[in-house]
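Trainee: These protein sequence lines are chains D and G, in that order. Okay, so the first sequence: first residue is 1 according to full-length UniProt numbering, each after it adds one. Okay, so the second sequence: first residue is 1 according to full-length UniProt numbering, each after it adds one.
By construction, these hints were calculated from the structure, which means they are not laboratory data. A hint or two may mislead.
Copies of the same chain are indistinguishable here, so a pair counts whether it falls within one copy or spans any two.
[Unchecked claim] Okay, derived cross-link-like pairs now, DSBU-like style, lysine-lysine, Cα gap no bigger than 35 angstroms in a straight line:
(1) Lys240 with Lys112
(2) Lys65 with Lys87
(3) Lys161 with Lys101
(4) Lys188 with Lys33
(5) Lys188 with Lys65
(6) Lys44 with Lys188
2 protein chains.
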Amino acid sequence: MCELLGMSANVPTDICFSFSGLLERGGRTGPHKDGWGIGFYEGKGFRSFIDPEPCCDSVLARLIKDYPMKSNTVISHIRQANSGGIKLENTHPFSRELWGKHWCYAHNGQLKQFESLPCEMYSPVGETDSEHAFCWLLSQISQINPDETEKCDFAFQMKPKLDHLRSLGVFNMLMSDSVYLYAYCTTKLSWITRRAPFGEAKLKDVELQVDFGTETTPNDVVTVVATEPLTHDEEWHQMKAGELVVFRQGELVCRVEGEA
Amino acid sequence: MCELLGMSANVPTDICFSFSGLLERGGRTGPHKDGWGIGFYEGKGFRSFIDPEPCCDSVLARLIKDYPMKSNTVISHIRQANSGGIKLENTHPFSRELWGKHWCYAHNGQLKQFESLPCEMYSPVGETDSEHAFCWLLSQISQINPDETEKCDFAFQMKPKLDHLRSLGVFNMLMSDSVYLYAYCTTKLSWITRRAPFGEAKLKDVELQVDFGTETTPNDVVTVVATEPLTHDEEWHQMKAGELVVFRQGELVCRVEGEA
């Protein structure tokens, strides 16, 4: 199992606070010691930092934690390897370009018989089930015509592909095309939208407390999605199996429920 | 004009020494202040660090300079913007996946009428001539069958595409698929292969001197390609217009000359 963290915000926002909590799980409070990665969008621009070293010991991770990298959309992952060795090419998040946008993706879980998924437009570089599933998924998505669909239509069209991956095992996923953040749940994924008036929040993993009121403006809307709630004193939405939620600029724009 | 730096080596090698020289040109000894980037291969794995901030002031660049990131193949670029604003999505190197490999590319120069180059499999995310040319080039390359060709055949088949880009302006380029480093010249590109016995080399831009003999083993072969020679006391090969050279594990494996 791995840990996922995503953010969608209406203003460029510093992920450091949430990332601190995730960092500690990367080999200290959790077993996820087989690499980590984080992808940041700045407008259409995208950059990712990936490292096969344990997150809690990584020089690079400390830099990201301290470096004020403000972004509207972020996807992060720490890894406990199950499919594919501990190598750079197996480290999430993965990214590919489609329709002139960088798509970024991270997966938590394990898939069976993933090798038979046909990858058409995209080929995996590493050996993980996760990257193979991403290449298949994006090939499938490329056949949807985005110009002809409203955002929720698009999510409804994508949903059966995600359900298919869930039928192969555990598929908790975060994905973004720079504008939208997609979160899909099989077993564990929670989200929270924070907006003014901001209260105080305390991280579960380390002794760190931030008053959001001093860090943000009254118009800020910030949604955080994580494998498990990162804070004690806030109410997180726990997603259900087969549920897909879509965020834009911090706001929930679409929700497609799973089957009962 | 921008500055290019590439490396191909037979053992994972630290690029720090050469990168120090390039860094100083990013806004201090040179006018290239509009961002910088560097891509590292570790086996099939690839990671890049890109930053629209001036290289000589960048926190991230200092980290890369000091962080021992050993790699067989490296491509780096510092930018003086001419086509496309100073934004993350316009920052080199660019990368796309083809045939299950990460391809990384950086361009120095300026192209006219690049908008009419048809991008089929890949679309540019930003607005630069460079990324547009890369998307076209990789679409063209995808039509070559790599399994049926020897490496030099492949280079010969790629050469007319590169010549076509040169016909649109100035096209100095570095590209890699993780195994091979391709360097193509229109106006300015030099390379040097260093091997045992290593001597001392002094960087042109900063007061830094390294004795290669203490940093490497007797079997190491390291080729560095740069816009202009980075050292005073070594003999660099200056490439000619239309010349393509291909390196693998530090060794020159193919050279296709330009027309007279």
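Trainee: Please name the hints from earlier in the document that this structure breaks, with their numbers sorted from lowest to highest.
Mentor: Checked against the structure, no hint fails, so every one of them is satisfied.
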